[in-house]
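Q: Going down the list, the protein sequences come from chains H and R.
The numbering of the first sequence is the numbering used here, which starts it at 1 and goes up by one.
The numbering of the second sequence is the numbering used here, which starts it at 1 and goes up by one.
These are calculated hints, taken from the structure and not from any lab test.
From the three backbone atoms N, C-alpha and C, an ideal C-beta is built for every residue, glycine too.
Some hints here could point you the wrong way.
Here are the simulated lysine to any residue pairs, SDA-like style, with alpha carbons at most 25 Å apart [said to hold, decoys possible]:
id : chain 1 : residue 1 : chain 2 : residue 2
1  : H       : K240      : H       : K301
2  : H       : K297      : R       : P98
3  : H       : K297      : R       : K90
4  : R       : K96       : H       : M300
5  : H       : K167      : R       : Y176
6  : H       : K379      : H       : T170
7  : H       : K229      : H       : I289
8  : H       : K95       : R       : D27
9  : H       : K377      : H       : R129
10 : H       : K284      : H       : D159
11 : R       : K24       : H       : T197
12 : H       : K110      : R       : V183
13 : H       : K103      : R       : L195
14 : R       : K214      : R       : T19
15 : R       : K90       : R       : A126
16 : H       : K301      : R       : K90
17 : H       : K301      : R       : P217
18 : H       : K379      : H       : G89
19 : R       : K24       : H       : T305
20 : H       : K301      : R       : K207
21 : H       : K301      : R       : Y176
22 : R       : K214      : H       : I289
23 : R       : K214      : H       : T299
24 : R       : K90       : R       : D27
25 : H       : K110      : H       : E137
26 : R       : K24       : R       : A126
27 : R       : K214      : H       : L98
28 : H       : K183      : H       : T239
29 : R       : K39       : R       : A122
30 : R       : K214      : H       : D159
31 : R       : K24       : H       : P334
32 : H       : K110      : R       : A187
33 : H       : K103      : R       : A187
34 : H       : K95       : R       : L195
35 : H       : K152      : H       : L98
DEER-style ranges, computed between Cβ atoms [unchecked claim]:
id : chain 1 : residue 1 : chain 2 : residue 2 : range
36 : H       : T191      : R       : V143      : 49 to 55 Å
37 : H       : V120      : R       : L125      : 43 to 49 Å
38 : R       : A122      : H       : Q288      : 48 to 54 Å
39 : H       : N168      : R       : F20       : 22 to 28 Å
40 : H       : G164      : R       : Y9        : 41 to 47 Å
Chain by chain, the residues:
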Amino acid sequence: MNATGLNYHDLLQAAGVNQGNFQAFIDGYFATKYNTAMWDGFEFDAAPMLDYTYTQFQAELKLNVMATYVNPDSPAKMKSTEGFSELSGTIPTMKSALVRDSKEQRELMKMQMASGDATVNLAISQLYRTLDQLLGEHVNSISYQRNQMVSKGKLELLDANNPGGIKNITFSAQIPAANIVTKTSTAKWWTDTTRGTEGSASDPIADIEAEIQKMQDAGVSAITIEMDKLTLKATLGHTKVLAAIGYNLNPLVADATVAKAIASNLSYNQKVAAFQGLFEATLKVTDQIAAVETFDKTTMKPVSTQMRSFAANVVSLYPSGNIGKIKHVLPILPAQGFQGATARYFNGSLLMRTYSDINTNVQYFNTEQALLAVIDKPKYFHILNVL
Amino acid sequence: MNTDNYGVYGSETKEFGGTFPVWKNIDNEGIEDNGGTFKVISSFATEYPTGTIIPTGAPVNLSGGILTILPTYEVTDIYAATVATVVKVKAAGVAKVPVAGNIVMLAPATVGTTGTAIAVSAVALADGKYELTVGAAAFGSGVALAVGDILVGATAAGSGKSILTVPTGLLRREVYIGAGATVATGASVFHGNILVDRIPPIPACVKSVLTMIKFTPE
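Could you build all of it, start to finish, from the sequences and the hints given here?
A: So, in C-alpha cells, the structure goes:
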C-alpha cells in the first residue's frame, strides 16, 4: 500500500500534536505574533476574574494641594484626602468556531501529493492557518472593542457589528456626558456624510484646542489626540485647517487664500506633521478595519462586510500613556479525560478546544473568550463628534 | 484520436477548501443507512447535466437505495390568481434547476394533502430568479401566491395531486456533477442541526415530517 501519511482526520494527529503538547504548539508558533502590545494604552489585567462582573477603580491624577504658609507657632489645618470611585460593569463573552470535515481532509491530501511536501509539514501549516484564523478573529474583536471604547465611549452590540449574536447591548466606558461634545448645524466640520461641504461656522482647530484647554484645566499635561485615518485625511483638506497650517508655516503670508495654497502643496506626511505641530498634544492615527460575516440569502453565499474599527468623524482626546485594562474572565476547562485537546492564549483568557467526531470524521475547533477593554480614567476622556 | 492538449495553451483555476458550514451538527447515528443513487427517469446526462450542483440540505427521499430529490422553490414576487401567468422564484441554491415540463404545486399543509399541480411550460432566468411560465389560475381557482410561499415538485399535473416524494432526510453533502459522470450518490441525514437559511427552501409540511432535524436560522 502506498498511502499518503496524511490520512488522519484529526489535523492535530497529522501534525504530530497531541493533548499533551497542543498548548506548547500554540505557545511556540504564536509566541510573538499576537502577544505584543497591540492595543495602545490598554494591557491585559494581570489577574483573571472569576465571573462576568468587573469593578475598576477610577484612576485619579493625584494633584496634591500645596502646603499652607502659617505663623511659626501655629499648626496647619489638616488637609482632606482624595477618595476614589469605583466603576463596574459586565464582561461580554465571544466565541468562534471552525469545522473541518473529511472532504477538506481529502483536499489536503491531494495538495500534499501535488506539492510533495512532507506530511507533517503540510499538516503543521494547515493547523497553523486554522489556529491563526481563530486567534486573528479574537485579535480583531479586541481591537474593535478598544477602538470603539476610545472613539465612542462605548461598545454597542448591533446587527451591523455582531450579526447572529446578541444585540442591542451597550457596554459603556462611563465617560461623563459633559466630556462628549457634538457639533451641530453649521458648526459641524462638514454638513454632509460624504464630507463634501464644510459647515460655514466650523473651525476644527478651535474645536480641538477647546478640548485640549478643558483637559489642561483639569490638570492633564500630556495629551493624545486620536483619529481614524480617513477622518484625519478629510480634516487635512478642511479650508480652516489648511489655512492654519499655511499661516503656521509662514506667518507673513498675505491672507488665508495664500496660506491655504501653501498648505495644499504639502505632501500628506508634511500636512500630518504640520497639523500635529499646531497642538500641545501627540497625534495618533488609527487605521484598522474589522469585518463581520453574514449569509446572503439571495445569492446563498457568505458575505464579509468591512467596517472601520475606530468611529468616523470623531476626535478623541485622552491622557497619554496607559488608559485602561483589558478585563478578562477565567475560562472553565473541560474535565480530564476530555477526548480532545485544549490550549489557552491571551493571558489565559482565550480557551481553544478541538475535538473530533469519529463517526462523521468532523473535527471542531472552538474558541471562547470573555473580556472587555475598560477605560480606567474616563473622567479625563474627551470625545469630539464633528459630524 | 489524440485528445490531450499538446501545443494548446491556457490556464484555469481550481478552488480547494474555503467552504462554509451548513450542518451545525449531525448526530452520530443520524445518517440513513447505505445512502443511495440519485433517481434517474430518462437519462442521467439529461437530468443531471455537467456542472449541476445539488446543494447540501436538499430534501431527499431515500428508499430502496434510490435518492429522490424533492424540488422546492421560494416565490419572490406576488402571483395574482387570475392575472399572472409567470411565477418568479429564487434561483440561488435550488435543489434542482427547473426545466420546461417539470410539475409544481403550492406546498400543501401536510405531506398527505393534495392540491392542484401544473406543468411548467417554459423557464427563463433573469435577475437571479427563475421565471416559470405556468398560466393563469395555475394552482387552483382563486389561489394566489405570496412572496415567501414555496412551490414543490408534484406527482402529476391536475387537481388532487400529491407532492413528488416525502423526504426522509436532507442531503449530507453538496454533490457536483462533473464531466463524464454517469451516476451520483449521496447520504441522507435524518437527525441533526442545520442552518436553514443556507439550504433550499423547506416547506412546513416537510419540516413536520423531519422531526429530528433542528432548523436553525441565521
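Q: Take the hints in turn and mark each one as holding or not.
A: Comparing the hints with the structure gives:
1. Distance check on the hinted pair: K240(H) and K301(H) sit about 46 Å apart at the alpha-carbon level, beyond 25 Å; violated.
2. Annotation: proposed proximity of K297(H) to P98(R) holds, straight-line Cα distance about 19 Å (limit 25 Å).
3. This hinted pair checks out: K297(H) and K90(R) have alpha carbons roughly 10 Å apart, not beyond 25 Å.
4. Restraint check for K96(R) and M300(H): satisfied, since their Cα atoms lie roughly 15 Å apart, inside the 25 Å limit.
5. Of the pairs offered as hints, the one joining K167(H) and Y176(R) is violated, with about 38 Å between alpha carbons and a cut-off of 25 Å exceeded.
6. Pair hint K379(H) plus T170(H) holds up; C-alpha atoms about 19 Å apart against a cutoff of 25 Å.
7. About 11 Å separates the Cα atoms of K229(H) and I289(H), which keeps this hinted pair within 25 Å; it holds.
8. As the CA atoms of K95(H) and D27(R) are separated by approximately 22 Å, the hinted pair is consistent with the 25 Å bound.
9. Proximity of K377(H) to R129(H) is assessed by CA-CA distance (about 38 Å); at most 25 Å being required, the pair is judged violated.
10. This hinted pair does not check out: K284(H) and D159(H) have alpha carbons roughly 29 Å apart, beyond 25 Å.
11. Restraint check for K24(R) and T197(H): the C-alpha separation of about 49 Å exceeds 25 Å, so the hint is violated.
12. For the proposed pair K110(H) and V183(R), the alpha carbon gap of about 23 Å is at most 25 Å, so the pair holds.
13. The hinted pair formed by K103(H) and L195(R) meets the criterion: a straight-line CA distance of about 19 Å does not exceed 25 Å.
14. Between K214(R) and T19(R) the CA atoms are separated by roughly 21 Å; this keeps the pair inside 25 Å, and the hint holds.
15. Simply put, K90(R) and A126(R) have alpha-carbon atoms about 10 Å apart, close enough for the 25 Å limit, and the pair holds.
16. Restraint check for K301(H) and K90(R): satisfied, since their Cα atoms lie roughly 13 Å apart, inside the 25 Å limit.
17. Distance restraint check for K301(H) and P217(R): the Cα-Cα separation of roughly 15 Å lies within the 25 Å cut-off, and the hinted pair is therefore satisfied.
18. The suggested pairing of K379(H) with G89(H) holds, with an alpha-carbon distance near 16 Å, which does not exceed 25 Å.
19. A threshold of 25 Å between alpha carbons decides the hint, and for K24(R) with T305(H) the separation of about 22 Å falls inside it, so the pair holds.
20. For the proposed pair K301(H) and K207(R), the alpha carbon gap of about 23 Å is at most 25 Å, so the pair holds.
21. Among the hinted pairs, K301(H) with Y176(R) is consistent with the structure: their alpha-carbon atoms are about 17 Å apart, no more than 25 Å.
22. With a CA separation close to 35 Å, the supplied pair K214(R) and I289(H) exceeds the 25 Å bound.
23. At roughly 23 Å between alpha-carbon atoms, K214(R) and T299(H) fall within 25 Å of each other, so this suggested pair holds.
24. Taken as a hint, the K90(R) and D27(R) pair is broken in the structure, with Cα atoms around 30 Å apart against an allowance of 25 Å.
25. Restraint check for K110(H) and E137(H): not satisfied, since their Cα atoms lie roughly 28 Å apart, outside the 25 Å limit.
26. This hinted pair does not check out: K24(R) and A126(R) have alpha carbons roughly 32 Å apart, beyond 25 Å.
27. For the suggested pair K214(R) and L98(H), the alpha carbons sit about 20 Å apart, so the restraint of at most 25 Å is met.
28. A C-alpha spacing of about 17 Å is found between K183(H) and T239(H), which places the hinted pair at or below 25 Å, so the restraint holds.
29. Among the hinted pairs, K39(R) with A122(R) is consistent with the structure: their alpha-carbon atoms are about 23 Å apart, no more than 25 Å.
30. For the hint linking K214(R) to D159(H), the alpha-carbon distance of about 23 Å falls within 25 Å, and the restraint holds.
31. Distance hint between K24(R) and P334(H) is fulfilled; the C-alpha atoms sit about 21 Å from each other, no more than 25 Å.
32. Simply put, K110(H) and A187(R) have alpha-carbon atoms about 23 Å apart, close enough for the 25 Å limit, and the pair holds.
33. This hinted pair checks out: K103(H) and A187(R) have alpha carbons roughly 14 Å apart, not beyond 25 Å.
34. Restraint check: the Cα-Cα separation between K95(H) and L195(R) comes to about 18 Å, which is no more than 25 Å; the hinted pair holds.
35. Simply put, K152(H) and L98(H) have alpha-carbon atoms about 31 Å apart, too far for the 25 Å limit, and the pair is violated.
36. Separated by about 53 Å at the C-beta atoms, T191(H) and V143(R) satisfy the suggested range of 49 to 55 Å.
37. Checked against the given bound of 43 to 49 Å, the beta carbons of V120(H) and L125(R), roughly 48 Å apart, stay inside it.
38. For the pair A122(R) and Q288(H), the beta carbons lie near 52 Å from each other, so the given range of 48 to 54 Å is met.
39. N168(H) and F20(R) have their C-beta atoms about 26 Å apart, which keeps the hinted 22 to 28 Å range intact.
40. Checking the proposed 41 to 47 Å range against G164(H) and Y9(R) shows it holds: the Cβ atoms sit about 46 Å from each other.
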